[in-house]
Structures are given as C-alpha cells and as structure tokens.
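Undergrad: If you read the protein sequences in the order shown, they are chains A and B. Just so you know, our numbering puts 180 at position 180 of the first sequence, and the rest follows in order with no gaps. Just so you know, our numbering puts 86 at position 86 of the second sequence, and the rest follows in order with no gaps.
Read the hints as simulated data drawn from the structure, not as lab findings. Just so you know, not all the hints are guaranteed correct.
[Unchecked claim] Counterexamples of contact, computed for chain A against chain B with all Cβ distances above 10 Å: (1) Asp30; (2) Arg40; (3) Ser52; (4) Ile55; (5) Val69; (6) Asp76; (7) Arg83; (8) Arg106; (9) Ala140; (10) Ser147; (11) Thr154; (12) Glu187; (13) Arg194; (14) Asp229.
[As the list claims (entries may be wrong)] For lysine to any residue, the following SDA-like pairs were computed, each having C-alpha atoms within a straight-line distance of at most 25 Å: (15) B:Lys55 to A:Thr58; (16) B:Lys55 to A:Arg203; (17) B:Lys55 to A:Val54.
Every value quoted in this text rests on a predicted model; they were computed, and no experiment measured them. Where is the CB? At the ideal position from N, CA and C, for every residue including glycine.
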Amino acid sequence: MTEQGGGPRREAHPFGSSSLFVDITTITVDPAYVAAAGRRAGDPDAKPPRPSSVIAVTALLFVGSVWGVAAAQTRDRAPAAARIRSSLVDEARRRTEATDRLARDRDRLQADTAAAREAALRDTAAGRALSAEVARLELAAGGRPVSGPGLVVTLDDAEVEGEDGETRVSDADLQSVVNALFAVGAEAVSVNDRRVGALTAIREAGEAILVDYRPVSPPYVVRAVGDPDALDPSFVDSPTAQRLRTYGEAFGLRFDVERAQRLDLPASEASRLRHARPAGSKPQGTP
Amino acid sequence: MIPALALLLGVAAGLALGPVVPLWLQPYLPIAVVAALDAVFGGFRALLDGIFDDKVFVVSFVSNALLAALLVFLGDQLGVGGQLSTAVIVVLGIRIFQNLAAIRRHLFRA
Chain A
1 MTEQGGGPRR
11 EAHPFGSSSL
21 FVDITTITVD
31 PAYVAAAGRR
41 AGDPDAKPPR
51 PSSVIAVTAL
61 LFVGSVWGVA
71 AAQTRDRAPA
81 AARIRSSLVD
91 EARRRTEATD
101 RLARDRDRLQ
111 ADTAAAREAA
121 LRDTAAGRAL
131 SAEVARLELA
141 AGGRPVSGPG
151 LVVTLDDAEV
161 EGEDGETRVS
171 DADLQSVVNA
181 LFAVGAEAVS
191 VNDRRVGALT
201 AIREAGEAIL
211 VDYRPVSPPY
221 VVRAVGDPDA
231 LDPSFVDSPT
241 AQRLRTYGEA
251 FGLRFDVERA
261 QRLDLPASEA
271 SRLRHARPAG
281 SKPQGTP
Chain B
1 MIPALALLLG
11 VAAGLALGPV
21 VPLWLQPYLP
31 IAVVAALDAV
41 FGGFRALLDG
51 IFDDKVFVVS
61 FVSNALLAAL
71 LVFLGDQLGV
81 GGQLSTAVIV
91 VLGIRIFQNL
101 AAIRRHLFRA
C-alpha cells in the first residue's frame, strides 16, 4: 500500500496510528487518493484525472476478468467434486459385480469338483464310505447348502436417525445374535443369505456391515436351521434377545423372531483352508 | 459509464473464456478477487469524494494484490497460508464495508 503520508488523520499521528485496528476501521479511503488530490491542488495546470482514462479502463477490464475467471473456476469445480464421487461409487459397484461373478464361477467349479469326486468314489465300498464321511464333515463345517426348519430373526435400523449410531444395527448386534443362535443349538446360520462358516467374520467398515468381507445392507435377516420348538424359547430368553428388545423399545430398532418350516441356506464361502492342517500331520505343498 | 462497461466486459470475457488457472496460482485467486473488490469500491468512493486518480487506482490495486499474495506465499512457506489468507480477506473485507458505507452516505445522504 502506498503510504505517502497524506490525509489529515495521518498528521495527527506522526508515528502512525497507535492502534492497527483504529487504522483499519477509520482510514478507509486510500491515503494515496488524498495525497494525489493534495498534489493536484498545489499545481494549477494539472487536469483532473477521469475514470474513463485509458489506464483506468484497462485496469477495470483486468479487474472484471479476475472476477469472471474466479466465478468460472468456482462453477467448474463443484460438478468436478460430484463427478469424482459418483465415479468412485460406480467403481465400487462394478468391482462388487465382478466379485459376485467370480463367486458364481467358483461355486460352479466347486460343484463340478464335488460331482467328479462323487463319481470317482462311487465305485468301491471304501470310496462310498469316504464320500459319506466327506458329506458329513462338509455339512458340519458349513461347506454344503442345507435346508430344514428353524428360526428367522430380522433386525433393522430405526426409521428415525439418531446420534452416535444408537438407532443403527451394529456389527456387534449381528455377531451376538449369530452367537446366541449357535449357543441355543442352531445347526446352520446365514446372514442375508451369506452362510456363517467357521472362518466367517461379521464386522463393520465405515457404516457398512461386512459378512465374509462382502457388504450387507439392512434389513438383516438371520436364518438359523434347528428344531424350532427348542430354538425359539431359548433364543427369545437369551440375554442377546432381551438386550435387542430393550433397544427396540428405547431406540426403535426392529427385532423380530419367527419360526419357519423350511429354510434353505447356501454353502459357506470361506471353506478353503490354506495353511491349517490336521494336528500332527506333515506339511504338504499349498493346495 | 465507460468504466462500468469495461468492468462488465471483463467479467463477461473471464466467464466466457474461462481460462484454466494453473494450480500454483489457485490459492491466490480469492485474494485477487477481494483485492479487486477493495480497489473498485475504494476507487468509486474516491470518485464520489471527488479525489479519484487513475494512477492511484491502478497502483493501489496492483500493490494491494501483490502485497496480499506475498503475505499468503510467505504464510504458505511457514505453514500458516490458510490463516494469513483469511486475515488478508478480513482486513480487505472491513475496508470494503467501510467504503460501501461511505458510498451509501454519498448516494443517499444517509
């Protein structure tokens, strides 16, 4: 800023004003204008400068273009942010579809392998016994689709949004429901048609719940195969069910338990063990 | 009349051409905008006061913009660029308000 010591206020403060803030709020017209006016007053030949002089018009053109460019810049940038967001969403969706496709391929190949194994083992008595053993173990490990009577537990977020996620179903809620169902004797459990196997993780990432590292969205339907007459009363009396009923009353979470005559559960996905082997056996090459 | 037209023409040109501002220059754009606002309102107020001077107008705009940009550049190097650019905008903003008040008093005598 040009400070050629102009205005009357300036002269009242030979060392500049005592306060920066007083300066800012009182000396509002640029002192240079006052100084220039003072110089012109002392020189009778000086012609009054006009705002439409070439230099002023050029400067104003430039000033205007600064505003225009800034406005254009601001307008361009907002949609860019939205574009980036939507492209990320698209990408996530595309990847999820690709994973689903690969999962279907894998299921088909697994079925092929199982069929080939059955065919190879069918010929001998020892083979048939082995085949029956494999079927039994797979059933126990969750590696086979199963069906049977059981319970359907439905959880859903409350309709009103609350603070601190207390109106949302958390991964811990789902985990404790699944654990409680197994504890009261369920033989197979699935969450939103994803079978819970020995290596299944139910956890939260951001605000999404992942089952076997795949996102599931509310309402969460937990299906449990087992004797409904035994499962229903013991589950309903379990601490988990009591807690969730309390949440339902306090925060509006949905929590329903129903009996079902026939439930069809898919096979568990994480059935492949890569490093674990029966205790005592020799390590082999990776399968 | 001609100055107002020049200003509008500049805005239209900036909007229409919409040149890509290089990344290194982008932090200084808000400061240039506010310095330009300050210069225009200051100039208009001086015009109403009858002491407008085209050289002072240009020099005050350029020097204000440069000084503000220098402050922000320095702040960027010292890690307080955001805060300094806020400070620059606040100080120039106060001046803009004062000048607007003076213009209002001139135009409406109130």
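Undergrad: Give a verdict on every hint.
TA: Each hint, compared with the structure:
1. Not every CB of chain B lies more than 10 Å from the CB of Asp30 (chain A), the least distance being 5 Å, so the non-interface label is violated.
2. Residue placement check: Arg40 (chain A) does not keep its beta carbon more than 10 Å from all beta carbons of chain B (closest about 8 Å).
3. Its beta-carbon lying about 4 Å from the closest one in chain B, Ser52 (chain A) breaks the requirement of being farther than 10 Å from that chain.
4. Once the 10 Å rule is applied to beta carbons, Ile55 (chain A) is inconsistent with being away from chain B; the minimum gap is 5 Å.
5. Once the 10 Å rule is applied to beta carbons, Val69 (chain A) is inconsistent with being away from chain B; the minimum gap is 4 Å.
6. Distance to chain B contradicts Asp76 (chain A) as a non-interface residue, since its nearest Cβ pair spans about 7 Å, not more than 10 Å.
7. At the 10 Å boundary, the C-beta of Arg83 (chain A) stays outside the reach of chain B, the nearest C-beta of that chain being 16 Å off.
8. Residue placement check: Arg106 (chain A) keeps its beta carbon more than 10 Å from all beta carbons of chain B (closest about 46 Å).
9. No beta-carbon of chain B comes within 10 Å of the beta-carbon of Ala140 (chain A); the shortest separation is about 61 Å.
10. The Cβ of Ser147 (chain A) sits about 61 Å from the closest Cβ of chain B, beyond the 10 Å cut-off, so the non-interface label holds.
11. Non-interface status of Thr154 (chain A) relative to chain B is upheld: no Cβ of that chain comes within 10 Å, the nearest being about 49 Å off.
12. Consistency note on Glu187 (chain A): stated as away from chain B, and its beta-carbon is indeed over 10 Å from all of that chain's, at 60 Å minimum.
13. Every C-beta of chain B lies more than 10 Å from that of Arg194 (chain A), the closest at about 45 Å, which supports listing it as non-interface.
14. Interface exclusion of Asp229 (chain A) from chain B stands, the closest Cβ pair being 67 Å apart, more than 10 Å.
15. Under the criterion of a C-alpha separation no larger than 25 Å, the hint pairing Lys55 (chain B) with Thr58 (chain A) is consistent with the structure, at around 11 Å.
16. Taken as a hint, the Lys55 (chain B) and Arg203 (chain A) pair is broken in the structure, with Cα atoms around 68 Å apart against an allowance of 25 Å.
17. A threshold of 25 Å between alpha carbons decides the hint, and for Lys55 (chain B) with Val54 (chain A) the separation of about 11 Å falls inside it, so the pair holds.
When the structure is compared with the earlier hints, violations turn up for hints 1, 2, 3, 4, 5, 6 and 16 and for no others.
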